[in-house]
Structures are given as structure tokens and as C-alpha cells.
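Converting from the sequence shown to the working numbering requires adding 288 to each position, the first position being numbered 1.
A few of these clues could be false.
[Claimed, not checked] Here are the computed lysine-lysine pairs in the BS3-like style, where the Cα-Cα straight-line distance is at most 27 angstroms:
# : residue 1 : residue 2
1 : Lys502    : Lys445
2 : Lys709    : Lys732
3 : Lys445    : Lys299
4 : Lys556    : Lys576
These are calculated hints, taken from the structure and not from any lab test.
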Amino acid sequence: MTYSEFTKRAKRFMRERLSLTDYTDVQAASANIRSNIPFRGPNIYILFVAIVIASVGLNVNSIPVIIGAMLISPLMSPIIGFGLGLGTNDTDLLLASLKNLGIMFVISLLASTLYFLATPLETDNPTELLARTDPSVYDVLIAFFGGIAGILELSRKEKGTVLSGVAIATALMPPLCTVGYGIANLNWHYAGGALYLFFINCIFIALATVLAVKYLHFPQAVEKDGISYRRIISYTLLIIVVLVPSFFSAYSIVRENRFTTEARRFVKENQAIEGTYIYDYSTDMSVKPYTLTLRLAGEALSTEARAQLYANAEKHGISHAQILFADDATIEVRRLNEREIMRDWLASTEAQLRQREDSIRSLRQQLDAYEALVLPSAQISAELQAQWPGIENVTLARADSAVLVVLIEKQHTPHSHPLGKEELERMEDWLSVRLQTPSVQVIKINP
Numbered sequence: 289m290t291y292s293e294f295t296k297r298a299k300r301f302m303r304e305r306l307s308l309t310d311y312t313d314v315q316a317a318s319a320n321i322r323s324n325i326p327f328r329g330p331n332i333y334i335l336f337v338a339i340v341i342a343s344v345g346l347n348v349n350s351i352p353v354i355i356g357a358m359l360i361s362p363l364m365s366p367i368i369g370f371g372l373g374l375g376t377n378d379t380d381l382l383l384a385s386l387k388n389l390g391i392m393f394v395i396s397l398l399a400s401t402l403y404f405l406a407t408p409l410e411t412d413n414p415t416e417l418l419a420r421t422d423p424s425v426y427d428v429l430i431a432f433f434g435g436i437a438g439i440l441e442l443s444r445k446e447k448g449t450v451l452s453g454v455a456i457a458t459a460l461m462p463p464l465c466t467v468g469y470g471i472a473n474l475n476w477h478y479a480g481g482a483l484y485l486f487f488i489n490c491i492f493i494a495l496a497t498v499l500a501v502k503y504l505h506f507p508q509a510v511e512k513d514g515i516s517y518r519r520i521i522s523y524t525l526l527i528i529v530v531l532v533p534s535f536f537s538a539y540s541i542v543r544e545n546r547f548t549t550e551a552r553r554f555v556k557e558n559q560a561i562e563g564t565y566i567y568d569y570s571t572d573m574s575v576k577p578y579t580l581t582l583r584l585a586g587e588a589l590s591t592e593a594r595a596q597l598y599a600n601a602e603k604h605g606i607s608h609a610q611i612l613f614a615d616d617a618t619i620e621v622r623r624l625n626e627r628e629i630m631r632d633w634l635a636s637t638e639a640q641l642r643q644r645e646d647s648i649r650s651l652r653q654q655l656d657a658y659e660a661l662v663l664p665s666a667q668i669s670a671e672l673q674a675q676w677p678g679i680e681n682v683t684l685a686r687a688d689s690a691v692l693v694v695l696i697e698k699q700h701t702p703h704s705h706p707l708g709k710e711e712l713e714r715m716e717d718w719l720s721v722r723l724q725t726p727s728v729q730v731i732k733i734n735p
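Could you build the full structure based on these sequences and the hints that come with them?
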């Protein structure tokens with residue numbers, strides 16, 4: 289195969305793959321776009337309901353609810369109609385599209401503002417709302433390429449599900465809901481940023497439509513003249529003006545992303561330094577310059593370790609002034625020499641010995657108290673029987689603060705006599721001295 293034949297086949301292959309002529313119907317697409325521009329009847333109610341649903345989703349930070357609302361919304365039609373009118377020099381279509389887009393805009397603001405005025409839910413962490421307040425050039429790219437996908441989907445003969453994806457990607461409704469939130473809460477930063485994002489989406493969806501209409505050769509309403517060229521120039525200038533703030537916003541996003549990335553790398557590389565550990569960190573982009581807060585645990589950061597952290601941060605483009613320390617979880621560790629260690633050990637040992645002696649003393653006191661309560665029954669019984677042979681059995685017992693002595697006499701014989709009252713009293717006096725107890729009661733039981 290010669291080079292010439294290869295080139296011809298390659299061109300034919302590319303033409304067959306990239307050609308849109310056989311797959312599009314510009315006449316049907318034009319009629320379809322024009323028919324969906326008028327905004328009346330059910331479309332008004334559908335838009336109002338969709339805006340309320342999207343506002344609820346933003347209020348509770350629910351992405352699925354927001355996506356569902358975007359699928360319901362009919363906002364795309366007048367924007368694409370505006371691009372079609374501009375691309376085909378159809379002034380009537382331009383005016384009709386702008387008129388219906390204005391009606392949609394007013395209804396959307398009214399619905400979202402009323403909702404956020406009436407809702408009892410507080411928005412403590414409105415991440416989905418915040419995402420619509422700082423548009424950048426990346427939102428421009430999403431709107432532009434989403435618009436191209438939308439007009440191509442409307443132009444092809446066999447329709448698919450591309451428009452649903454375009455409605456989600458370009459996100460026309462959430463910015464309008466955020467504008468309503470800003471108005472309801474008098475937060476003009478939210479309202480201004482979201483309104484700018486909505487205009488970006490509208491302008492670049494329309495621009496993508498204009499380019500696609502030109503490329504697909506949609507039928508022109510009038511012949512080209514000086515007015516159409518002036519219109520194109522005016523539209524181009526408008527695009528440039530709209531683009532300028534988005535580039536500044538994109539630059540800020542890139543800087544924030546870079547700072548966050550470098551902060552994460554820095555913390556990962558310096559997680560542990562000496563006896564200190566970085567257990568968490570946070571970045572603050574609301575101040576200039578951005579700050580990195582390090583949360584420390586373990587030993588208190590020494591001067592040398594702090595200097596080392598500053599030096600390592602410089603390698604990641606993080607300056608000394610951008611680093612803050614939160615060391616509430618650190619402790620001060622004192623380095624001990626051998627003499628201090630021995631002194632502390634002796635002090636600890638002495639304290640343990642003192643505690644052991646106190647325990648022994650307490651146990652001895654408890655034992656003495658117990659022994660004081662135990663009566664020497666066998667000894668007392670023997671001593672009593674030795675003094676008074678007529679006693680057969682002796683039982684001793686404590687009753688409150690007194691000692692009770694129970695005697696059982698033997699059987700009387702002609703040569704023995706029972707214990708009398710005087711003897712019992714003398715026995716009680718002796719027992720009181722013997723047992724060191726002030727109160728002793730003797731009870732005699734005759735067999």
C-alpha cells in the first residue's frame with residue numbers, strides 16, 4: 289500500500305467516524321427547541337416544585353435530592369433557544385428565549401426565597417450552598433462542554449439520555465436556589481456568587497449552542513449582515529468580561545488545592561519528631577496567608593524540634609508564619625541524671641516501707657482488739673474449780689459490755705454444801721479483776 293492510498297483510507301475512515309451529517313436532523317432539532325421555549329401551563333408549576341425540591345436538598349445537604357430536582361427542571365430550553373437564535377440570526381427567537389428565561393428566573397428566585405424564609409431548618413454546615421458561591425473557570429468548562437453535549441443530543445436522530453446528564457452537570461437550579469437563600473438571609477456574598485455562577489452557565493451553554501449550530505449548518509433566519517457581525521462582537525466582549533472573574537477564582541482554587549496538598553505531605557513526612565506526635569491538622573483558607581494548624585500529642589515540642597519543623601515546612605512552600613501549634617495534649621518531660629534517678633528510687637522505696645509498716649500496725653491493732661474479745665474459758669474454768677470444788681461445769685459468754693458466767697454444781701453429798709450468795713458475790717469480784725471487766729454476772733444452775 290502506497291502512502292497516498294494509506295492517506296486516502298485514513299481520511300475516509302476519520303470522515304465516517306467523525307461525520308455528524310448522517311446522524312443529525314437539524315430541521316427537527318430546530319423545531320423541537322423552538323417548541324419547548326414558551327414557558328406556560330404545567331411548566332410553571334413543574335419549575336416551582338423543582339426549585340423547592342432543590343432548596344430542600346441544599347438546606348439538608350442532600351446531593352440525591354438536588355440531582356432529582358435538576359432532572360425535573362425545564363430551565364435548559366430557553367438557554368439553548370437563545371443560542372439557536374444567536375447562531376441563526378433569528379431575532380424573534382432571541383427575544384422569546386430571553387423573555388421566557390426571565391420568567392423562569394423570577395419564578396425560581398420567588399420559590400427559593402419563600403422556602404428559605406419559611407424553613408425552620410438551620411444550615412450549620414452548608415457545603416452544597418457554599419459550592420455555588422465561588423465559581424471558577426472550571427465551571428465555565430463544565431457549562432461549555434455540557435452545552436455542546438446538549439445541542440448534539442437535541443440534533444441527533446436517535447435520542448438518548450444525554451440531556452439528563454447535561455442538566456445534572458451544568459447545575460442551573462442550585463445557583464438560583466442559593467441566590468434565594470442569600471436574599472432570604474441577607475447574605476449578599478452567597479447571592480452574588482451564585483448569581484454569577486448562573487450567568488456563567490447560561491452564557492457558555494448558549495455559546496456552545498451557537499458553535500454547534502454553526503458547525504451543523506442549521507438553517508439561517510436571515511442573511512449575514514453588519515448587524516449580525518456586531519452582535520457576535522458584542523457577545524464576544526460579554527464573554528470576555530464574564531470570564532475575567534472566573535480566572536481569578538480558578539487561580540484561588542489552584543492555590544488552595546496546592547496548599548492543602550503540600551500541608552498533607554508535610555504532616556505525613558513529619559508525623560513523629562522526637563517525642564512529639566502530630567495526631568491531627570487543619571488548614572484555614574479564609575485568611576491570608578493560609579494557615580496550617582498542627583495538633584500535637586506526647587512530649588512538649590522542644591526548641592530544636594520546632595526549628596526542624598519550620599525548616600521542613602519551607603521545603604513544601606509553607607512559611608514560618610503560616611504554621612500554628614495546638615499542643616494541649618502534650619506534657620513536659622524532665623530529663624533526669626543518675627543521681628536524681630537514685631534519689632527518686634530511694635524516696636519511692638521509703639514510701640513503700642512506711643506504707644507497709646502502717647499496714648502491719650493496723651493489723652496488730654485489729655488482732656489485739658479481737659484477742660480482747662476472746663474469753664479464756666478453759667483457764668477460768670480450771671481456776672474456779674480449783675477454788676470451789678463443788679463446781680462441775682463453767683461456761684463463759686459476753687453479753688454487751690458484761691461477762692456472763694454460768695455455773696453447774698455437782699450433786700450435793702453429806703460432806704459438801706451448795707454455793708451461797710456471799711460466795712457468788714466474792715466469785716464475781718474475783719472474776720471482774722481476773723478478766724479486767726467491770727461487770728460480771730454469775731448464774732448458778734443446780735442439777
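Check the structure against each numbered hint from earlier and tell me which ones fail, lowest number first. Violated hints: none; all satisfied.
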